[in-house]
Amino acid sequence: MRTELVSEPGDRTRPNEDFASVGTPACGQGGALVVLDGVTPPKGGTGCLHTVPWYTARLGGALTELTVSLPDVPLAEALSRALTRTAEAHAHTCDLSHPRTPQATVVVTRWSVDTLEYLVLSDSVLLLESPDGTVTPVLDDRLDRLPRDLLVSDEVADARARNREGGFFTAAADPSVASRAVTGTLPRAEVRALAALTDGAARWTERFHEGDWTDLFIYLRKQGPRALVERVRELERADAERRTSPRRGKTHDDATVVYAEL
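Note that our numbering has the sequence shown beginning at 456, numbered continuously upward.
Since the hints were made in silico from the structure, they are not lab data.
By construction, the Cβ of each residue, glycine as well, lies at the ideal position given by its N, Cα and C atoms.
It is possible that some hints are incorrect.
What the hints assert, rightly or not - Label-pair restraints from in silico Cβ distances:
| id | residue 1 | residue 2 | range |
| --- | --- | --- | --- |
| 1 | Thr548 | Lys705 | 25 to 33 Å |
| 2 | Thr548 | Ser608 | 27 to 35 Å |
| 3 | Arg676 | Asp604 | 37 to 45 Å |
| 4 | Leu525 | Ser631 | 14 to 22 Å |
| 5 | Ser608 | Ser567 | 42 to 50 Å |
| 6 | His664 | Arg469 | 26 to 34 Å |
| 7 | Thr706 | Arg615 | 22 to 30 Å |
| 8 | Ser634 | Arg600 | 17 to 25 Å |
| 9 | Asp569 | Arg469 | 36 to 44 Å |
| 10 | Ser552 | Leu601 | 16 to 24 Å |
| 11 | Lys498 | Arg615 | 17 to 25 Å |
| 12 | Glu610 | Ala644 | 31 to 39 Å |
| 13 | Leu606 | Arg469 | 33 to 41 Å |
Using the sequences provided together with the hints, build the complete structure.
The following block contains the structure:
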């Protein structure tokens, strides 16, 4: 197994809200990766004493440990347990029912000699490459399918769409959200490489249209995650007024890429 990991803040004066890890079981066979994209809260209260980086570090650490140490526990169950553990760490001090309690998008994959499992929740991206070079994106596209009137402001989205039936879901404090994730299992032999990206890195395809998901994967294989993030930064600087990508919420977003050849 060969892996490369890059995680870069969108603004170097602010903490990176992403989290990424790669784990290998003690037996040396198989592995797992976790990528979280912390959701930047709007101005105003969140009901929580803690920062988004605190939350993603707690949830990411718990999810990494559970995914690697309990290989027979399905990924959705591992996420549910990690959410419960993280909520218990601050339920006594914070209002976890607040719609903007710290939260994150999630990508998890775990592979053994025989199988590869995956889980995607919200708008981070998982790309799977087969031995013949076919690239399959695993996406939770509920946010993209929402009517625009539900996303006209943070207040409207929080009241009508965030973690609500008919809306979209992120990993916050409710462990039942794990059942909303996109999950699946494939024969290990059908995947020779994979990549997990937060939406700050996926802008290469989703916002700036440098190529489709297959083009992005080929770019990653040839140039590496660092080059992909640097190219996204170039595109962001060239479009600082957001004319090419008017829906982009931030000029620069935290960008994380994990690339693994299995």
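Tested hints:
no.	hint	verdict
1	Thr548 - Lys705: 25 to 33 Å	holds, 29 Å
2	Thr548 - Ser608: 27 to 35 Å	holds, 29 Å
3	Arg676 - Asp604: 37 to 45 Å	holds, 40 Å
4	Leu525 - Ser631: 14 to 22 Å	holds, 19 Å
5	Ser608 - Ser567: 42 to 50 Å	holds, 45 Å
6	His664 - Arg469: 26 to 34 Å	holds, 27 Å
7	Thr706 - Arg615: 22 to 30 Å	holds, 27 Å
8	Ser634 - Arg600: 17 to 25 Å	holds, 19 Å
9	Asp569 - Arg469: 36 to 44 Å	holds, 42 Å
10	Ser552 - Leu601: 16 to 24 Å	holds, 22 Å
11	Lys498 - Arg615: 17 to 25 Å	holds, 20 Å
12	Glu610 - Ala644: 31 to 39 Å	violated, 49 Å
13	Leu606 - Arg469: 33 to 41 Å	violated, 24 Å
Against the hints set out earlier in the document, violations occur for numbers 12, 13.
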